[in-house]
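Novice: Next come the chains, spelled out residue by residue.
There are 2 protein chains.
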Amino acid sequence: MNRVNVGFLGFGTVGQGAAKVLVRNALEINRRTGRDISVKSAVVRNTSRTIEPELKDVALTTDPQEIINDPDIHVVVEAMGGDEPARSLLLQAVANGKHVVTANKALIAVYGNELFEAAREHGVSVAFEAAVAGGIPVIKSIREGLAGNRIQWLAGIINGTSNFILTEMRDKQRDFNDVLEEAQALGYAEADPTFDVEGIDAAHKLTILASIAFGVPLKFDAVYTEGISHITQADTAYAQELGYRIKHLGYASHTDNGIELRVHPALIPERRLIANVDGVMNAVLVQADAVGPTMYYGAGAGAEPTGSSVVADIMDVVRLDSASVDNRVPSLAFQHDALSDTRIVSKAEFETSFYLRILVEDKPGVMADVSRILGDEKISIEAIIQKEPDADSARVPVILLTRKIVEGAMDRAIAGIEALDSVEGNVTRIRVESLA
Amino acid sequence: MNRVNVGFLGFGTVGQGAAKVLVRNALEINRRTGRDISVKSAVVRNTSRTIEPELKDVALTTDPQEIINDPDIHVVVEAMGGDEPARSLLLQAVANGKHVVTANKALIAVYGNELFEAAREHGVSVAFEAAVAGGIPVIKSIREGLAGNRIQWLAGIINGTSNFILTEMRDKQRDFNDVLEEAQALGYAEADPTFDVEGIDAAHKLTILASIAFGVPLKFDAVYTEGISHITQADTAYAQELGYRIKHLGYASHTDNGIELRVHPALIPERRLIANVDGVMNAVLVQADAVGPTMYYGAGAGAEPTGSSVVADIMDVVRLDSASVDNRVPSLAFQHDALSDTRIVSKAEFETSFYLRILVEDKPGVMADVSRILGDEKISIEAIIQKEPDADSARVPVILLTRKIVEGAMDRAIAGIEALDSVEGNVTRIRVESLA
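Residue numbers (the working numbering), protein chains in the order written: chain E, 786 to 1221; chain P, 786 to 1221.
Just so you know, the hints here were simulated from the structure itself, not pulled from any lab data. Keep in mind that this is a model prediction, so the values were computed, not measured. Treat the hints with caution; some may be incorrect.
One copy or any two copies: either way a pair holds, since identical chains are not told apart in the list.
In silico lysine to any residue, SDA-like type, Cα no more than 20 Å apart, as pairs [what the hints assert, rightly or not]:
| no. | residue 1 | residue 2 |
| --- | --- | --- |
| 1 | Lys1172 | Gly1210 |
| 2 | Lys825 | Arg1180 |
| 3 | Lys957 | Glu1055 |
| 4 | Lys1004 | Ala903 |
| 5 | Lys805 | Arg935 |
| 6 | Lys825 | Asn854 |
| 7 | Lys805 | Gly1077 |
| 8 | Lys805 | Gln937 |
Looking at chain E on its own, in the form it has when it is part of the complex (with noise of 0.2 Å):
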């Protein structure tokens, strides 16, 4: 029987999630190995930090460098968050013969093509299936379980703290900055929740996942990014009177034009399995040619749903180790020298329906502006809403739904309708996304 230790760079909630499922489960780990996996050793910032009692046998230190220098380590995995030190430790990790384990989603975007050349030139692995959707085995599903498809687009709710604001905010008539600030004393959201709510966090996820669908090298820059802080309580009132949920989206397609890369909030027609992904839950939707739609639900994060793919991925690493090099699934799913340099689509080419929320003034006339600068950009209205005028402004809530145009179109409209003077403050914009 072989004995398999690991190495913790970082002992958080992350590292000692996934160090705990290591030791609860060892038993039934074992039984499906055949190994006996160790958490051996973990760096924390101070030695007093507060431990799990069962993991009071894993010796602690303050130095990266005596996990990454011990040979007795065969597997490393970083749970550190952001990008340096963690960048510079796992290329030492990887030059050193460990294979890495991380979910650090930010690193992988961002660095993930440097290191997986790194692993490459070392014979060792670099797993990643905790970056994405936390618990949800959806790397895993989309590089291996539909490896014999041609992938046509995927569409994932894949921030837990935009998706449960969103759903309190419909379910429950509140505001953004109230439900904001609930899901921050809940620890959903973080003090400073920038990352989750405009969308950075989402983009870094969705960059990994057009990559293993599409074989493309990781192109973070690449991603239109749209936050969820502009919506309102109205907008998910509006949207369900139209038989729609808004959910923040992140959007990959391959398109004849090239790969759409976007993440922002999008209005789901409600019979959609995927638009009652509710609270804090992730899923993701994936079109492929010979198998159709499939979706992947699941926690998107927390301790021990995201330890549960840290240990899945050591588990596979250890396991790959005796295959050889050309034969393990390759870190983006696709050979690395058959990535191909496909063209990115801009966003004045994205071509979607909308739904827009227009104040206007309450007289005559403005409806017939509104629809003459639409119909000069070809933008036909599928549905209209008006609401009675504001008991205080005296100004009007039109609610449009149009029918699929491209963005650049959409975008001169809309500074047409915001020129007029009897529309007040910016027009509210949010795409529709059919998904089927």
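Here the structure of chain E is known, so what remains is to put chain P in place on it, guided by the hints.
Specialist: Relative to chain E, chain P alone:
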């Protein structure tokens, strides 16, 4: 670049579906695996069978031995269905050192233990992702993606025919027989629908899922199996009135008493995501200790969805060919010598809530009798619906929702209720699963 040759035993819908995916996506598959995987030959019952034009280069034969004994064939795909000659041919292929991929759920559920042992002896893989839930990579997800978890229970909508029938009955207020006829016309149901509507097909799949989840040998005979042919349109409507959907479930649970294996219709709260899996689609919900609930959704049948899983399996067995035998993912997820022969829980010990539909005479005292019988077995009532008498029979349907109780007690109560003079016919019982 290695060339891999695949031979097909059986070239009907499933066989040709898989072969078409291999041929159409050959470039994509090469980009992923770095190998050329080709379809060399196929066994057909007679060589005048209609073959899809893109498969015209596949050599056809009526003699399986030509494939099984062909030294140039590395992987044999079995797509014949049924037990013999599939079983004997696969044992022979394995003895000849060929990896085997099959979509045959009945074969794996009943003869899997024997086939896996033979494969182990000869150092080859037997892969069967396509045997459960068609194109959904649920075996891979449970066996590898959740490998760090102790799995507590799983519940699957794993027969598309039954799900289509129940969905239509509810959505369009149609009768069972009426929808069954349509399903047959659409090709969703066989001329003899017994395997689908009586739960046998689902029991085959549940057998496989339970083994890979809990590490127990395949025990098809131990599955309690009940179909949907006794469900009426009225039941689907009453369930909806109570806030539930009726789904045909495969349910396996690791309890303190042992392992529960059961296939039957169940009422599921309509807010659960899995309750919204409609039509011919499949889904498997898995509850595990670290990750919590995860769900896998997609097409459970069809030529190319099944082909998607067959092709992924071919890619996997080719990849793992270079790994040491004891490092390959075990057929039943756990090392063969680590399977545990856990006790199977008997039907009388199942503990669920129940939906009961009782047809009673519309006269005083009947409900008191029913309540007394339930009370004697310590069965509490959670909800009750009493309808107006049927115009022609002067009998009233009474619908009860009970709290949790062991099935042995419910059996006795139902026997008592059916013995009442004022009760007509049999009591309809449907289990209720909250799945949370």
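Novice: So which of the earlier hints does this model not fit?
Specialist: 2
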